[in-house]
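Chemist: Going down the list, the protein sequences come from chains A and B.
Per the numbering used here, the first sequence starts with residue 1, numbered consecutively.
Per the numbering used here, the second sequence starts with residue 1, numbered consecutively.
Do not take every clue at face value.
[Claimed, not checked] To be clear about the criterion: a stretch of chain B counts as covered by chain A if any three or more of its residues have a C-beta under 8 Å from a C-beta of chain A, and this derived list gives those stretches:
| # | region |
| --- | --- |
| 1 | 225-236 |
| 2 | 245-252 |
[Unchecked claim] Just the calculated beta-carbon pair ranges, DEER-fashion:
| # | chain 1 | residue 1 | chain 2 | residue 2 | range |
| --- | --- | --- | --- | --- | --- |
| 3 | B | D188 | A | E34 | 41 to 49 Å |
| 4 | B | E204 | A | D50 | 53 to 61 Å |
| 5 | A | M1 | B | E219 | 15 to 23 Å |
None of these hints come from the bench; they were simulated from the model.
The structure presented is a predicted model; accordingly, all values stated were derived computationally and were not measured.
All residues carry an ideal CB built from backbone N, CA and C; glycine is no exception.
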Amino acid sequence: MRYRAADRASLRIVPLDVLTAIYHRASGQTHIVEAPVPEILAALGDDALDVGAILDRLARDYALIDPDPAALADRLEELAAAGLVIRT
Amino acid sequence: MFSVRIGPAGFRVGSDWRRPVAELEDLYRDYPKPEDGVPDFTVRLFAARPWRRVVRPAVMIGGDFTIPDAAPLPLDLGLLAAEMGMNLQMALAQRRYLLLHASCVERGGRAVLMTGESGAGKSTLAALLMARGWRLMGDEFALVDPATGLIHGFPRLISLKNESVGVMQAALPDGRFGPPQLATPKGDIRHLVPDARSIEAMAEPAVAAHIVFPRFGLERAEREVPPAETFVRLTQASTNYVALGERGFDALTRLVRSVPATAIDYPDAATAIAQVEALA
């Protein structure tokens, strides 16, 4: 399973404090998210990646305390359900 | 037929009876008429059943938008029905501004927004601050312009409930009050006309300077509210956030990122006034 971020033009991402507000233009929904969601979207960029590759990119950019692929896969599935990432 | 402009919105109110219109004409006598004579919203007070106009008068609220299962109000509450109807049209039909269910006062071009649950005291605090020289921008709705981020006022009649009526009669002995509206679904209500300066300056927007979340009946306390929590609270306090789509999102994220917010608990009005004036 590979994931890519929803079309960048369809998302408005505004950091508020420790939380980030995301407006999803396609659905008109507002999401309030915390780490690691903005980081996952940034790590994906414009690419379609599997969980291992996303974890590698996150580990490159952040000091991960507990790099758990299963937990990352859960987060990605939540984001896919919200329409913020797309399964490919 | 009665017409009035309140802030940026023009209203027309029609009624099957003369009395509510006469009360509105008196209380809103210093307000301007809708721009170009064309109202944005129409409110109609009509008889719940045709014969009720004669037998036992009851008022139904109608207009561009209606609540289908709203209970009729007795004619004694015709003024309240008209005010509720005007609020309803604003809440449901306003598209130009992001509407926040908040009271708002301004001093020196800086606006303080106060929002909270019913009974938090936002109307009373705004009226008391008006009595202390602040400009009342509204006791019910604050309007955020998505294009500029500025706050526009909606200074309709101030709706005072229960003990607040006596509090304001003491604070403003020369204030103009509407007829008592007793035993309404929200308790005993009396309307207070905003002071002359608040009416004259109603079209002047202001920069949002502070967002306050008051809570009455608790020991004095203040807590800074972080932007994300303010954002969530204000989406809940907005009647048209979803309808505005991305414009609403941009207006609200901009507001919460640029304006500090504080939750205040207060045991009495004097304490709350001191807390708000210290913040602003």
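Chemist: Each hint: holds or not?
Modeler: Evaluation of the provided hints:
1. With 6 residues carrying a beta carbon less than 8 Å from a beta carbon of chain A, the region 225-236 of chain B meets the three-residue requirement, and the given coverage holds.
2. Only residues whose C-beta sits within less than 8 Å of a C-beta in chain A count toward coverage, and the region 245-252 of chain B has 4 of them, enough to reach three; the restraint holds.
3. Range check, D188(B) to E34(A): Cβ separation about 45 Å, and the 41 to 49 Å hint holds.
4. For E204(B) and D50(A), the Cβ-Cβ distance of about 57 Å falls inside the hinted range of 53 to 61 Å, so the restraint holds.
5. At roughly 54 Å, the beta carbons of M1(A) and E219(B) sit outside the given window of 15 to 23 Å.
Comparing the model with each numbered hint stated earlier shows that hint 5 is the single one that does not hold.
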